[in-house]
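2 protein chains.
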Amino acid sequence: MKYIAILGFGVVGCGVAEVIAMNEDRIAKRLGEDLKVKKILDIREFPDSPFADLVTTKQEEVFEDPEISIVVETIGGARVAYEYTKKALSAGKTVVTSNKELVSTHGVELMQLAHAHDCNYIFEASVGGGIPIIRPLHRCLAANKIERIVGIVNGTTNYILTQMGENGSDFDAALKEAQTKGYAEQNPSADIDGIDAQRKIAILSTIAMDGAYVDPTRLFTVGISAITTKDMEYAREMNAYIKLLAVFENGEDGTYAYVAPHLVSKDHPLACANGVFNAIMVTGNALGDAMFYGQGAGKMATASAVVGDIMDAAEHQSRNAHVYEWFESDKPVLDPIEEHRISVLLRFPDSVTDDAISEAFPEISCQPCVYEAEGEKAVILGKDGDLNEAKLAVGLENFENVISVIRIF
Amino acid sequence: MKYIAILGFGVVGCGVAEVIAMNEDRIAKRLGEDLKVKKILDIREFPDSPFADLVTTKQEEVFEDPEISIVVETIGGARVAYEYTKKALSAGKTVVTSNKELVSTHGVELMQLAHAHDCNYIFEASVGGGIPIIRPLHRCLAANKIERIVGIVNGTTNYILTQMGENGSDFDAALKEAQTKGYAEQNPSADIDGIDAQRKIAILSTIAMDGAYVDPTRLFTVGISAITTKDMEYAREMNAYIKLLAVFENGEDGTYAYVAPHLVSKDHPLACANGVFNAIMVTGNALGDAMFYGQGAGKMATASAVVGDIMDAAEHQSRNAHVYEWFESDKPVLDPIEEHRISVLLRFPDSVTDDAISEAFPEISCQPCVYEAEGEKAVILGKDGDLNEAKLAVGLENFENVISVIRIF
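These protein sequence lines are chains X and R, in that order.
Everything in the first sequence is counted per this note's numbering, starting at 1 for the first residue and increasing by one.
Everything in the second sequence is counted per this note's numbering, starting at 1 for the first residue and increasing by one.
One chain only, chain X, in its complex shape (with noise of 0.2 Å):
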């Protein structure tokens, strides 16, 4: 019998417990032996739930027990879950979570804790739910250099976005409809301001660089709240989608991190995550791209992959497998963000006059767009890597009233 505890009875945790018995004879056929959830960690009630009796609000009855080898965190946020994780660790149980805040934050502490007493810290679920990513990544790519990640792995935002575009909403009814249905958070700025997908992608950012640690709250990030309707329809014009892309680079132009909304051609293949799904596309120096694609949030695309890593934490057990080992680098692992080359679709007012442009952003290549709306006018600049952030900051300072400004992928 193999026993485990779970921190935090919420969707996720609570998944977690259902996945375990949804499947219960399949995982013990595998293990070799049965997966019993013996406690439960919450200072609620749940009278209701069929797990009733294994809650309870002490600690010690986790931390202490020597049965319980795996301890699954699903409190989610950075504090309670960061002391009841060290405490884990450091009783030597190896942690599960989906809580890509804690493992972006303290991911270099909490694995050094986990390696310093013989278990593990794993968060295959901190991004992408259920798609399998974070141990491909590690494990299947481990002969290539990752030169780039591009990855839809925001269902919120995604979702917003393709209502936006499908129905012609605009950003405060797609919001709305996104709370309605669950989506999205009553205060959804996590979401919508790109933190989430900030964390997710610092997360495969640091696997990418071989566990060089990549600080989430330095990178250069946009998010969505700015998208118009009338962004919208350059898109479609565009025969493109406008996506909130999180994106690492890691080629001869240096080494890149950020998040932005992007415009993504309906032809390219990550065009297919629509709604709540994510998508992330993989180029590895060997192997070219690879995609991963599914739901990218939900109780039980994520609590399956939360079981995933329980029982690849029970088959290892025995074994002194230190998967993950982060480190703080001593130089910067990412290159300054305004060095980095893109292109972008520029909306201004009609009054401006080509030579402006040109004046604004000199030696920068620049075509007029596809399509461009009533009264604006609308070019592309940047086709042949000659513009950077730092040009584009620059040139910007000479308009008053740029309507708006949309990185094209």
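Hints were generated in silico from the structure; no laboratory data involved.
Bear in mind the structure is a predicted one, so any value in this text is a computation, not a measurement.
Do not take every clue at face value.
Copies of the same chain are indistinguishable here, so a pair counts whether it falls within one copy or spans any two.
[As the list claims (entries may be wrong)] Pairs of lysine to aspartate or glutamate residues, derived as DMTMM-like cross-links and limited to a Cα-Cα distance of at most 20 Å, are as follows: (1) Lys145 with Asp34; (2) Lys266 with Glu166; (3) Lys145 with Glu24; (4) Lys331 with Glu109; (5) Lys145 with Glu18; (6) Lys299 with Glu147; (7) Lys181 with Glu338; (8) Lys145 with Glu33; (9) Lys230 with Asp53; (10) Lys29 with Asp330.
Following the hints, complete the assembly by docking chain R onto the known chain X.
Here is chain R on its own, set in the frame of chain X:
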């Protein structure tokens, strides 16, 4: 220093040596030691290869060298490769392969042999080329009952079908072009008759059935050589592509695996796989749908997966890891394909009457197709799951000149 040997220095074998050389430093850093190709076993000489001095014709230099702990089998086929794989495993050497024929034919015996000699037989590259699919299916989705796998797993046929759909080429012209470009072999039978896809879905099905062996040679398989430009016309009008799908289903209606051309809606995520690209959609009972997309073949992509396996084997060598354990099941793993429920597009000459169709397919839902080519009658049969292969076969006997039958996904 970790020493490996490569058996068979063809395209993939050469790619393996190249990927190891290309990413030497990364690999060494990850493994904590250098990874070195010590011998390459081949009967040919490669005087112009940078690896020429490693090539030997002497088996004993591989199988009797205790320093060589991992052997890459990239010979292909199931004769010499079979014999050498058994020798390597019997000597306690882990074997890494991309050989779908051998894995799907002798996988049970070879994994049991590996087990008996405390080593592994691993084969990530045997399906999907460089796309991580075997390990994610086995490991990340371990908590799920796998309910369905639907894959475009053969690049050659997908290239031919894409050309036929986009350029209006007929089958022979598209095949010829594929041969010219090196995407199809001079004897293309294994690809176009669906044998390659059959082997791959047998491997995936066995993993999905927790190791209960699925014999590829017993799978219902339809290739693509009967697909015409007229079929493509129907596909276009139905907003669909024709794709050769390898299918595994394990649901309430039974357990099936088969290969056949299908109409796939352009709105379905699988439709993003055009040309030589592969895409595999997996449905788990907790996860829901996840899709894996990428280059399903090619020297460096496939080699990338092989080297990923080598690194995994090297990292886990001190442990007694029986990664895959296949077995012959006492009872049939699959249900008879005759019971499998499908819906199909059926094309007749327009002389066929509605009554004749109703008589031939009694009690089966039937609706006119949105499109009918001149002189033809086209219907969609079996929308409600009331059609199965047996009924389809019996019904078709009543018509002398059915033009074509294409399954609808």
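Hint by hint, which ones does this structure get wrong, listed from lowest number up? 7, 9
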